[in-house]
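Participant: Each chain, letter by letter, is given below.
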Amino acid sequence: MNKVFKNADDAIKDIQDGAVIMIGGFGLCGIPENCLTALVKKRTKNLTCVSNNAGVDDFGIGLLLKGRQVKKMVASYVGENAEFERQLLNGELEVELIPQGTLATRCMAAGYGMPAIFTPAGVGTEVAKGKESRVFNGKEYLLEYAIDAGFAFVKAWKGDKLGNLIYKETARNFNPLMAMGGKITIAEVEELVEPGELDPNQVHTPGIYVHRIFQGSHYEKRIEQRTVRPKKS
Amino acid sequence: MNKVFKNADDAIKDIQDGAVIMIGGFGLCGIPENCLTALVKKRTKNLTCVSNNAGVDDFGIGLLLKGRQVKKMVASYVGENAEFERQLLNGELEVELIPQGTLATRCMAAGYGMPAIFTPAGVGTEVAKGKESRVFNGKEYLLEYAIDAGFAFVKAWKGDKLGNLIYKETARNFNPLMAMGGKITIAEVEELVEPGELDPNQVHTPGIYVHRIFQGSHYEKRIEQRTVRPKKS
Amino acid sequence: MAIDKYQIAQRIAKELKDGYYVNLGIGIPTLVANYIPGGINVTLQSENGLLGMGPFPEEGREDPDLINAGKQTITTLPGSAFFDSALSFGMIRAGKVDLTVLGAMEVSERGDIANWKIPGKMVKGMGGAMDLVASAKNIIVAMMHTNPKGESKLLPECSLPLTGIKCVKKIVSDLAVIEIFNNRFKLLERAPGVSVEEIKSKTAGTLMVEGDIPEMQF
Amino acid sequence: MAIDKYQIAQRIAKELKDGYYVNLGIGIPTLVANYIPGGINVTLQSENGLLGMGPFPEEGREDPDLINAGKQTITTLPGSAFFDSALSFGMIRAGKVDLTVLGAMEVSERGDIANWKIPGKMVKGMGGAMDLVASAKNIIVAMMHTNPKGESKLLPECSLPLTGIKCVKKIVSDLAVIEIFNNRFKLLERAPGVSVEEIKSKTAGTLMVEGDIPEMQF
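Residue numbers (this note's numbering), protein chains in the order written: chain C, 1 to 233; chain V, 1001 to 1233; chain X, 2001 to 2218; chain P, 3001 to 3218.
Keep in mind that the hints were calculated from the coordinates and are not lab data. Take these hints with a grain of salt, some might be off.
[Claimed, not checked] To give an idea of the chain P side of the interface with chain C (calculated C-beta under 8 angstroms), a few residues:
1. Pro3055
2. Glu3151
3. Leu3162
[Claimed, not checked] Once the Cα atoms are required to be at most 20 angstroms apart in a straight line, the calculated DMTMM-like pairs of lysine to aspartate or glutamate come out as:
4. Lys2121/X / Asp1010/V
5. Lys2124/X / Asp1010/V
6. Lys2014/X / Asp2098/X
7. Lys3124/P / Glu92/C
8. Lys1168/V / Asp199/C
9. Lys3124/P / Asp199/C
10. Lys1221/V / Asp2018/X
11. Lys3124/P / Glu224/C
12. Lys1139/V / Asp2098/X
13. Lys1161/V / Asp1057/V
14. Lys66/C / Glu83/C
15. Lys3/C / Asp2018/X
16. Lys231/C / Glu3058/P
All figures in this text were calculated on a predicted structure; none of them were measured in a lab. By construction, the Cβ of each residue, glycine as well, lies at the ideal position given by its N, Cα and C atoms.
Generate the whole structure from the sequences, applying the supplied hints.
Facilitator: Right under this line is the structure:
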């Protein structure tokens, strides 16, 4: 079975209005740029996006927001985005905020076939409202359900044609977790290689979690907060 | 803080009678040979060992059994061991059998700070007796608690002096999981290197889970089932 | 005539589809790997932590760090991946493995399976069997139709301690291919030359027989 | 005189011990990294997925794939390790991180913290703050003693939506070092030249003062 697609347009062509999509990346780091751009071009509407962040005004998921393609955003932090704020305050956009570690673990739970997990995050706060809680060894935990979705977009550094993925540095972040939650996981990679070219000992996401893969292009890799120290002279 | 110990004797010297120890490895593959040998020599008694298997008569955990050092064995499969059988039938040894995936996930849960997990393994069987069960999306799951212990022994291929570990091939198996469950995790490695010599992108167990590390020696790496095909001529 | 274990494996191999991820248990199931039909790609999962298992190594090339769930020395194929045992059972539990083939001591009409414990005999443990049967989305049992005493292993209810409940989808035995359908055994195929009557007589549970039952093709 | 944010960071740095794994939040907490005492090794964790965070890169050496939880470009130190965000919060939840330093808008006498939401203002989300405060075994809050309006941020009860409950162990402000003890604020140290009276007047919650209160040492 061939998992290799020509490009992002080809890989996402069956995504319909109303789809739920899990999207890897943290801030603008490690986001699936090609898939997002293709989805903007495709003008698919009423999307639910599950992603730690919502991009910035003119990059990442921000582009989907600009095109009014997103109905609901499930995220942990959505700052840095004026258009987001406008749509939210106007009631055009629904938002569900989830603590970052809870979000990460709920996505992972889907990939581990665990229907729910326990986490102390949010106990005693408004996040706990309406949720079941339980005490283990004197500490209170919330029961939180696994998150999966029809599609997941992830970005890796290297991948092989069987879908095995290796991420680079902190661009790993949510990518392996979103990959595990997708019923159809679409991976874009900076370098697509033949099976056997990746060291099987170093694979981060085994190909069984990846259904489509393509060689991405034109990565911008925008930096959100450029912080530097002076050059040593 | 120095995590580096001289050898196994040095690394395990504070383990007392009655200790609970999680031990990595699957069958005889990837077992912490040096730590086990040192523990045999130390003659520590009344141990509870958590390990997928119990070794064979004259190797691995089998050596602890021979020395009557084990009070209780928590495992998923304990065949291949006549001394084990003798002690069990004589009532000298207590055994708790846990499905393999449940065991793996319960150990991992400890490392993820999750007090319990849900798994369908064992539903409707004697494993489910006395356990809480719960239906999610029409499927029944058992509630199983995280497993941690005072000590964990793990074996890695390479490790650095900060405790970062890389395993080799299927010798990874339970090692990263046991490492996560130990309050004091002791890692023995085939090659101990300076910080910076391992690629941080390839670390399997981050050093935060490892409290003591030493360069192992004299690895026998015994093969349990030698299966081969004829050489191509 | 009843088929042998190699033919059982060969018949099961016909259930494989291109792109399948497959977990093969110890015994007859392992033999299935030798009969993967041409033109399709199947990836073998070994639950100790490997996707992309290859054949046994050539003599002298055994690697003690590279074994399968049966603790046998193996090799990997290009594009394989190693992972820990929790992720391994995680992908099984999440239904990512398309097909699991297992041996069994008994199977019941409703798809219960017993294959880990005989009361009074030494208990070796369930290993990964309970996880596999509880989690896999498609389970085929490979086994002899009767035990060495000639007693049926296809029962109204299992008499041995269960490994899992309502999980077996299909059985390929030395006599027949049988599907679990509405809490009954439904006869799909006969081994070449084996009569429906013989299969019926060796099946203790209810056997549904509808229309002509074809012989197995290999 | 009240100390500045650099001195707050410097005072907090004195809480570090050799071998500590530490998570530093955005703002003043980040500055703590600049004052790690000589002779001890501390490993910085960034919750997006890194242990062994180093300083900002030299100009021109920024790597977009290498950022911290504040989305700033950073470097790694020898012996660092990358992992996914689930394992990152997993090690936090498991209590493997020895110390977490966070900013706060309000802290209550019983150690509740509010630092993510102001009703009526745009809600940006809690990010990892709720996970950190619910999971960390030792939490120090770095903040100004009063808000820009001059109102105390150390309250009998938080008025803002909570981030977590009963979790803060210590507060280092521009005026004082305070411990949460038996559901009260216990004064441990004064900023140099700041009187107990001033601290008392700027602490809305109950302030325990026992014996002589020493000045902070740097």
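Participant: What's the verdict on Lys3124/P and Asp199/C, does the C-alpha distance respect the 20 angstroms limit or exceed it?
Facilitator: Given that 20 angstroms is the threshold and the Cα spacing comes to 40 angstroms, the pair is violated.
Participant: Has the given pair, Lys3124/P with Glu92/C, been kept, meaning a C-alpha gap of at most 20 angstroms?
Facilitator: With a Cα-Cα distance of about 16 angstroms, the restraint between Lys3124/P and Glu92/C holds, given a limit of 20 angstroms.
Participant: Need the status of pair Lys231/C, Glu3058/P: alpha-carbon distance at most 20 angstroms?
Facilitator: holds (5 angstroms)
Participant: Compare the distance between the alpha carbons of Lys2014/X and Asp2098/X with 20 angstroms, and conclude whether the hinted pair is satisfied.
Facilitator: holds (14 angstroms)
Participant: Have a go at the Pro3055/P hint: is there a Cβ in chain C nearer than 8 angstroms to its own Cβ?
Facilitator: holds (6 angstroms)
Participant: Within 20 angstroms, alpha carbon to alpha carbon, are Lys1139/V and Asp2098/X?
Facilitator: OK: Lys1139/V and Asp2098/X at ~18 angstroms, within 20 angstroms.
Participant: Does Lys1221/V pair with Asp2018/X here, judged by a C-alpha cut-off of 20 angstroms?
Facilitator: violated (37 angstroms)
Participant: Given the hint that Lys3124/P pairs with Glu224/C, test it: the Cα-Cα distance must not exceed 20 angstroms.
Facilitator: holds (16 angstroms)
Participant: Is it true that the CA of Lys66/C sits at most 20 angstroms from the CA of Glu83/C?
Facilitator: OK: Lys66/C and Glu83/C at ~7 angstroms, within 20 angstroms.
Participant: Does the alpha-carbon distance linking Lys2121/X and Asp1010/V stay inside the 20 angstroms limit?
Facilitator: violated (42 angstroms)
Participant: Starting from Lys1168/V, check that the Cα of Asp199/C is at most 20 angstroms away, please.
Facilitator: The hint holds at about 11 angstroms.
Participant: Within 20 angstroms, alpha carbon to alpha carbon, are Lys1161/V and Asp1057/V?
Facilitator: Since the Cα atoms of Lys1161/V and Asp1057/V sit roughly 34 angstroms apart, the hinted pair is violated (cutoff 20 angstroms).
Hint check: violations occur at hints 2, 4, 5, 9, 10 and 13; the rest are consistent with the structure.
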